[in-house]
Amino acid sequence: MSKKIKTGIIGLGRIGQIHLSNLLFYTQNAEVVIASDVSPATHDYARRLGVQQVTTSAEEVLTHPGVEAVIICAPTPQHVPYTIAAAREKKHIFCEKPLDVTLSTIRLAQQAVEENGVKLMLGFNRRFDPNFSRIGALVRENRIGAPQILRITSRDPAPPPLEYVKVSGGLFLDMSIHDFDMARFITGSEIKEVFVKGDALIDPRIKQYNDIDTAIIVLTFENGAIGVIDNSRKAVYGYDQRLEIFGSEGMAKAENNTPDNITLHNNKIVQTALPLHFFLERYEKAYRTCMQSFIDCIVNDTPSPVDAHDGLMATAAGLAAGISLKENRTVKMEEIIKTQ
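In terms of this note's numbering, the numbers along the sequence shown are unbroken and rise by one, the last being 369.
No lab work stands behind these hints, which were simulated from the structure alone.
Note that this is a predicted model, so its numbers are computed, not measured.
Hints are supplied without guarantee of correctness; some may be wrong.
To be verified - Below, in silico cross-link-like pairs of lysine to any residue (SDA-like), each with a Cα-Cα straight-line distance of 25 Å or less:
#: 1; residue 1: K195; residue 2: A70
#: 2; residue 1: K282; residue 2: N239
#: 3; residue 1: K355; residue 2: K282
To be verified - So the derived label-pair ranges between C-beta atoms look like this:
#: 4; residue 1: L137; residue 2: Y266; range: 21 to 27 Å
#: 5; residue 1: P189; residue 2: Y266; range: 15 to 21 Å
#: 6; residue 1: P69; residue 2: Y266; range: 36 to 42 Å
#: 7; residue 1: R117; residue 2: S68; range: 46 to 52 Å
All C-beta atoms, glycine included, are put in the ideal place defined by N, C-alpha and C.
All chains, please: the whole structure from these sequences, using the hints.
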């Protein structure tokens, strides 16, 4: 039997609680020895799940002699500092996205990980969704030929609170960043150019924070493929997550997940269930598989399936999108990578 990897988790907010639960109940070869959050109000959740040591100090997790891997679910400004600190303690790292909103800071984390010989995996969980993962495999197996057109639809069921918008980093670095990662993952190619049209069509107040809630993003890829991402903060019918990749020899697509696959037909309607309403339901399996993949890469000493380079390129695409929207022009990725 493989040994259990001793983990510590930093941050017990919504995403931290998801990862904690998955580590304790759905992940093989893992255990949680310590958890931390600056808010004591969150500590009861970890204690109820059986975590023996719960603290307000992230440093206690980072320096804990028994911890082999750190799960970072703190706010984005702490991602790189905690990643660097964990790497220097020779601990492997799972970090929520984005690693950071600046490329220079991401490179510092990348350097620390490489210098200390530890693994870093980022929480781009959609790669691990069963349907999206299968489509990626079909592309790699050349089942659709050379990729030519990619279409990603990603629409939330409701916009976030304005207080969240203030600190989120904006639509491109908070929401679209998942789609940029998926675009690279599905096509197997780096993004070459980004062009955006967008506006605040749902809540005009978002504009005061230099943000938008609706966007069409056009991508060109190094392999010649073209992609379109459409984002909205509010789809009244639920969490709309669809993907299609068209190639020289065929096409693969994934429709929305629904509570059931029943279709009602009568003389008035043809009716199916609405999409699952929120990301916690839609990506439940993806979160579990994502965390298992992190533990597996430590146990088996294999490369991280989503590393610092992946994080850097997704963030670079988000920055390119922001410039494109502001300046109404196509932005080359090399412009961002060389100047940021």
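- Looking at the structure, which of the earlier hints fail to hold? As far as the earlier hints go, 2, 3, 4 and 7 are violated by this structure, in ascending order.
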